[in-house]
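Student: Chain residues, written in single-letter form:
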Amino acid sequence: MTTKELTDRKNTKKERENLLEVKNLKTYYPIHGGFFKRVVGNVKAVDDISFTIKKGETMGLVGESGCGKSTTGRTILRLIKPTGGQIIFDGEDITKISGSRLRKARQDFQMVFQDPYASLNPMQMVGDIISEPIKNFERRDKKELEEFVKSLLVRVGLPEAAYYKYAHEFSGGQRQRIGIARALALNPKLIIADEPVSALDVSVQSQVLNLLKDLQEEFDLTYLFIAHDLSVVKHMSDTIGVMYLGNLVEVASNKDLYSEPLHPYTQALISAIPEPDPKLRKERIVLQGDVPSPANPPTGCPFHTRCPMAQEICSQEKPPLKEVRPGHHVACVLY
Amino acid sequence: MTSKSATSLQTPLLEVRNLQTGFKIDKQYYNAVEGVSFTVDRKQIVGIVGESGCGKSVMSLSIMHLLPKGIGKVRGGEILFEGTDIVGYNEKKMNNIRGKDISMIFQEPMTSLNPVFTIGYQISEVLLNHQDITKNEARAKAVTLLKNVGIPRADQIVDEYPHQLSGGMRQRVMIAMAIACQPKLLIADEPTTALDVTVQAQILDLLKNIQEVNDMSIMLITHDLGVVAEICDVVLVMYAGKIVERATVEDLFENPQHPYTQLLMQAIPKMEEEKERLATIEGLVPSVKDMPEVGCRFANRCPKAMPECMQITPRLEDTKGGHEVACLLYEESWPREERVGAR
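Here the protein sequences come in this chain order: S and C.
Position 134 of the first sequence, counted from 1, bears residue number 125 in our numbering, the numbering being contiguous throughout.
Position 115 of the second sequence, counted from 1, bears residue number 103 in our numbering, the numbering being contiguous throughout.
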């Protein structure tokens, strides 16, 4: 691809409209306790986050375990009921819809799961696994459906014969390809990929990442790419959101986030990644302690307990996410 | 210093010679580790990298005599620890070495700690087994050890159970246990794979500190080239049960020679690079049951494979200044007869 074409592509992307808008999304899990199993508290898995994804772009969500990135993905798919906020998909508010309307809307957003072993039914033929979502929504001639599923298998890099096999006959990378074919079956607009490569070896990981990029171009897909590995997220995404304890602490384009991380947590996260180059052995910012429990989050800024730059105000007030540079949002009192 | 310890300083701490470890499948043994030789010197951190199924964990289990009984077996070769071959050691003799001279930490700290005993009890157990001390002394020592590995409130945590701790804390407890008797060699099998990056950075720092303070050697097994670059001195790259490349960490990253190592490095997305596509390695590792008898084991996936690669088994040869590679591409200078004879 030439540079001109690349800039053209970037420009057309700019004019594109929002496919997904998340406004003040909250997802709390109740904690039951006491004699009558009453609700005694909440785990604030996702606590008031907002972001938008433009058509054809990839938004990456990165954070450590327990930061709420998977819950965010599942809430957007409406697999979990949101506690508050709005999810606007392609102009339609899907936060409260249910029944047949939700079922219909779900055609447009699909998910690729982390564990390619657990997310495929071991009792079903691969062909049936992939055709099941299609059978759910439309009536198609048997022969025609089989042809279509086989073409999907070929598209994700599997042989046609895979149609008649079972999941256990495939390696981890191949299973993930089956999972991707299933997500593509309904020709969705948005694919939420929740740690799609973290169970795979590096050589296989790169195959799957390349496939996801190719498919995005070919089918004009929009991705929400969730992972804990910042270098993978950076490779895949146009915009990256960094999450900590249920909050978005920084949102920026992938270049800005790497060249100029603003939030102290993002800085520590980038600095903690071991670079595959012994000459870069650097003085790392090593954070002290662990992530606090989301059932009992610290007051004020969620990160102040581990922040090397914490001030007194940090423990009292939660800083809002605000735009400090064009397209670069950060939630920190320093800015 | 006695003459005995003077000689022992010259022999490498651990020397593995032509190790072959097999697993029994349908009454027949198949080798998961095939003729691996390497040394670990004193105070050295040796990294062993490879993808799943390359035999890196099997190798460490062979050294520790922890292979599943009746299924896995060391079928040939020698494991010399301070000059003595420990392959033939019985359980009793091994118990004297394990935990005292060689210890091991594992990937999953939750499953390797016993959930029904307190942290303090589990650390004291190691001390009581190997040292002549009382229970109270052992407990006091356990508290010091916990402090040394950076556990806050050590005097309280010593009475807590593994489930009360986070993953990073559990791995610290495992490390405290492993270094309790100041072993000469620590085998760390994917010690940070289950941890978050910020916690991984803490644990790597800790391992490096302990290694320097205790003058210990570490054999670090990992799939993550980043971790290797961060703390190792020497790296072995394994593929399908064999070592394909061995070099100092600087050499390996500056000038990777084996096609497998090169592809592995190009396949990782890097933070400072903008790349549209990543390198991939097509195909799969052959399973142990149908590993080719002769020829390079990577040949069927190698973009640089030549017809000879299927017929000649490459040997691990020094290419220049200690950088060893097992690949025919680097054996060009050999006379042809000898290359065929190398089988």
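Derived by calculation from the structure, the hints in this document are not laboratory data.
Just so you know, not all the hints are guaranteed correct.
To be verified - The calculated label-pair distances, taken between Cβ atoms and stated as ranges, are:
hint, chain 1, residue 1, chain 2, residue 2, range
1, C, S25, S, H23, 50 to 60 Å
2, S, R94, C, H151, 38 to 48 Å
3, S, N33, C, P140, 46 to 56 Å
4, S, E135, C, Q16, 15 to 25 Å
Yeah, the Cβ is synthetic: ideal placement off N, Cα and C, and Gly gets one too.
Student: When you take the CB atoms of S/R94 and C/H151, is the distance between them in 38 to 48 Å?
Tutor: For S/R94 and C/H151 the Cβ distance comes to about 40 Å; the hint holds.
Student: Confirm or reject the claim that S/N33 and C/P140 have a C-beta distance inside 46 to 56 Å.
Tutor: Taking Cβ atoms as reference, S/N33 and C/P140 lie about 27 Å apart, which means the hint is violated.
Student: Taking the CB of C/S25 and the CB of S/H23, does the distance hold inside 50 to 60 Å?
Tutor: This hint holds: roughly 59 Å between Cβ atoms.
Student: Range first: 15 to 25 Å. Now tell me if the beta carbons of S/E135 and C/Q16 are that far apart.
Tutor: 47 Å Cβ-Cβ, so the 15 to 25 Å window is violated.
Against the hints set out earlier in the document, violations occur for numbers 3 and 4.
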